[in-house]
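Novice: Each chain is listed here by its residues.
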Amino acid sequence: MPLKRKDLLGIADLSPEEINLLLDTAETFRDVNQRQIKKVPTLRGKTVINLFFEASTRTRTSFEIAAKRLSADAINISASTSSVVKGETLIDTALNLQAMAPDAIVIRHSSSGAPHQIAKIVNAAVINAGDGAHEHPTQALLDALTIRHNKGRIAGLKVAIIGDVLHSRVARSNAHLLSKLGARVALAGPRTLLPFGLEKLIAPSEGFVTFAGNINEAIKDADVVMMLRIQLERQSGGFFPSLREYSIHYGLNRRRLDLAKPDAIVLHPGPINRGVEIDSDVADGPFSLILNQVENGVAARMAVLYLLAGGEYREVVRP
Amino acid sequence: MLLIKNGTIIDPSQSLEKKKDLLIRDGRIEAIDESLNVEGAEIFDAMDLIVAPGFIDLHVHLREPGFEYKETIASGARAAVAGGFTSVCCMPNTKPVNDNSSVTRFIVEQGRAAKLANIFPIGAITQGSNGEQLAEIGEMKAAGIVAISDDGKPVLDSGLMRRAMEYSRDFDLPVVDHCEDCCGAAGWAMHEGEYSALMGLKGLPGAAEDLHVARDIMLAELTGARVHIAHISTARSVDLARQAKQKGLAVTCEVAPHHFTLTDKDVYESGYNTNFKMAPPLRSQSDLEAIIEGLRDGTIDAIATDHAPHHANEKMLEFDHAPNGIIGLETAVSLTLDRLVHRGVITLSRMVELLSTNPARVFKLDRGTLKVGAVADVTIFDPNRKINVDVSKFQSKSRNTPFGEWELKGAPVAAIVGGRVVWRGEEG
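Line order of the protein sequences matches chains A and B.
Each residue of the first sequence is one higher than the one before, counting from 1 in the numbering used here.
Each residue of the second sequence is one higher than the one before, counting from 320 in the numbering used here.
I should point out that these hints are in silico values taken from the structure, not numbers from a laboratory.
Where hints are given, some of them may not hold.
[Claimed, not checked] Sample of chain B residues at the chain A side, in silico, Cβ under 8 angstroms:
id : residue
1  : 386
2  : 387
3  : 427
4  : 428
5  : 512
6  : 517
7  : 520
8  : 638
9  : 640
Since the model is a prediction, treat every value here as computed from it, not as a measurement.
The beta-carbon is built from N, C-alpha and C at its ideal position, and this holds for glycine as well.
Given only the sequences and the hints, what does the whole structure look like? Please build it.
Specialist: Structure, rendered in structure tokens:
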């Protein structure tokens, strides 16, 4: 069963069945990634363009490796500035790429909705690799893969997502995905960085996504604690007074983590600010799966590329 | 001579709503009566149509001088009459800004040369609309401005606004304000609410407008100035305007058709379509309902389009980088009929008030009436004609509208300016 859609723009419009298909497919690619020869011929002859309008090392590399392990030809384009600065419209950039007939275009952009605008006008599959503060669907998939692998399930878990939810596409995509699969998501952080109202539209039914009164309440009895990266420039934006105060009141340390379930795991989309949103002894501790997330990122992106670029599910399960 | 026969004349200025004939001679209303017959007069058969005093749009951007690739005074005037408007009041945010009498005179002359709608310029409040030093308001008045505004660049300095209001009284000009306190929301892309949260777009809270409206009302009370709130968009602002009117202050307000038709949910459903981006942004459902109530109970004085043409290239940007604004002249009458009249919110007579009688009163224009002797500006419309909005047929140079391909009931049929039929629709 291929994914019956042209693009992956966000988790919001995916059904639980589609999410599970993506996760199951990613699971099989996890195995491929542990082989001696980490390459399958599935997307031979296909072209994948990584179009990154925003700096990224981890995500871009992860997509590039994913494409190459599927035998696709991967091309990276770093358009460091947005089209408005460059003088070419976003639409023109997209049409120029379209003219080169790629099979998939992976887009990262600082403006929310940019991949959606491009998807409307190109034939290639468009994969959102992060758009502004909107969505980062492959991050949510790799997080879910990590959680599922560790906990054996998603449904019924309590997941705390802590920090700058307002500007976080990771938080949005995760809240969509985890609630669709039956987890309960508690969002918390400084009140200046919480987009209240989100919970009304994001969850399949009431109560699956909530804003906790404070971060301790969110972390209490959580199975998963996901810390969000604090963008250092938010301080100058007046969202909080100092990194020192942020760390004391909203950072994850051992003491706070003790409020969670004894077997709770810690996730972070990276890159981490040690000593700001997360203490080093937590980030490097045994419950931290931060590097597993990176590992699973390749498998998740292989699944997305594979299912969107026309592969079929049975091909990968064949040994 | 022009004789409009068989139409239903609706003119709230003389409490008239009756099937009558209308005779125009030498650019003025000559007579209104049942079954007029005049030898030699050109006949306009208005059977099944409404004949109203010419519609006046208090808020348009004609982009000339400076941005002629978006719109010119001539193309804007063509769009106006094709939308049933016989007069438009154009905002001063041109390049150069209309902050002195030379620019005012240029606009007036271009308007006359176009020979279509009446073009009434609005002058800037401050030089360059920079919010620092008052513009030469008296000189602009002498050259033809009908109001002052720094539209799009709200006057944030309350002391300066106070002086502007006081000074405006010496020249009997209304002060029109685009009410938007920054509220820490510089760079906003849409209304702040659950949809901005969901879409990851920076939001402008309704409070940003409310604060500014409240301030302007207080200053109106202090100074006695006539204050007109442009494109009101929030429930609280409508409330504030209602209270101000109850107090007897000279506060008036207008609403744009998109604010009684669309909400932030439509922005979401459009999938980041930049033709759903304007200032003020499309608000919440409860704001829309309060606006509907304000239209119903008389709090809102006028419907004005905030016609804001942008070239397609400029709208082809990322949502947060795309410029604010949509065009409105050629869809306003149909939206008003479809969304307000046919849904029972307002009567046809109230519609004419909102589009003609009140705008004339608010800006003290010598228009908005069909009384004998008045300038013969007439809008003829068909409340029942069904249209499909075809942007390719727009007279405006720009196409930035969210209403393309909408099916609407009701449309303008003809526009008469100074006794001359300047536009007549295909089937009119």
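Novice: At a threshold of 8 angstroms, is the proposed contact between residue 427/B and chain A supported by beta-carbon distances?
Specialist: violated (35 angstroms)
Novice: Any CB of chain A closer than 8 angstroms to the CB of residue 517/B?
Specialist: holds (5 angstroms)
Novice: Per the CB criterion, is residue 638/B less than 8 angstroms away from chain A?
Specialist: With a minimum Cβ separation of about 5 angstroms from chain A (threshold 8 angstroms), the hint on residue 638/B holds.
Novice: Taking the least C-beta to C-beta distance, is residue 520/B closer than 8 angstroms to chain A?
Specialist: Given a least distance of 5 angstroms, the restraint on residue 520/B holds.
Novice: Taking the closest Cβ pair, is residue 512/B under 8 angstroms from chain A?
Specialist: holds (6 angstroms)
Novice: Would the hint on residue 640/B be counted as holding, given a Cβ-Cβ threshold of 8 angstroms to chain A?
Specialist: Since the shortest Cβ distance to chain A is 4 angstroms, the answer is holds.
Novice: Using the nearest Cβ pair, does residue 387/B come within less than 8 angstroms of chain A?
Specialist: Violated. Min distance 20 angstroms.
Novice: Measuring from the C-beta of residue 428/B to each C-beta in chain A, is the shortest one below 8 angstroms?
Specialist: violated (35 angstroms)
Novice: If you take the shortest Cβ to Cβ gap from residue 386/B to chain A, is it below 8 angstroms?
Specialist: violated (17 angstroms)
When held up to the earlier numbered hints, the structure conflicts with 1, 2, 3, 4 and fits the remainder.
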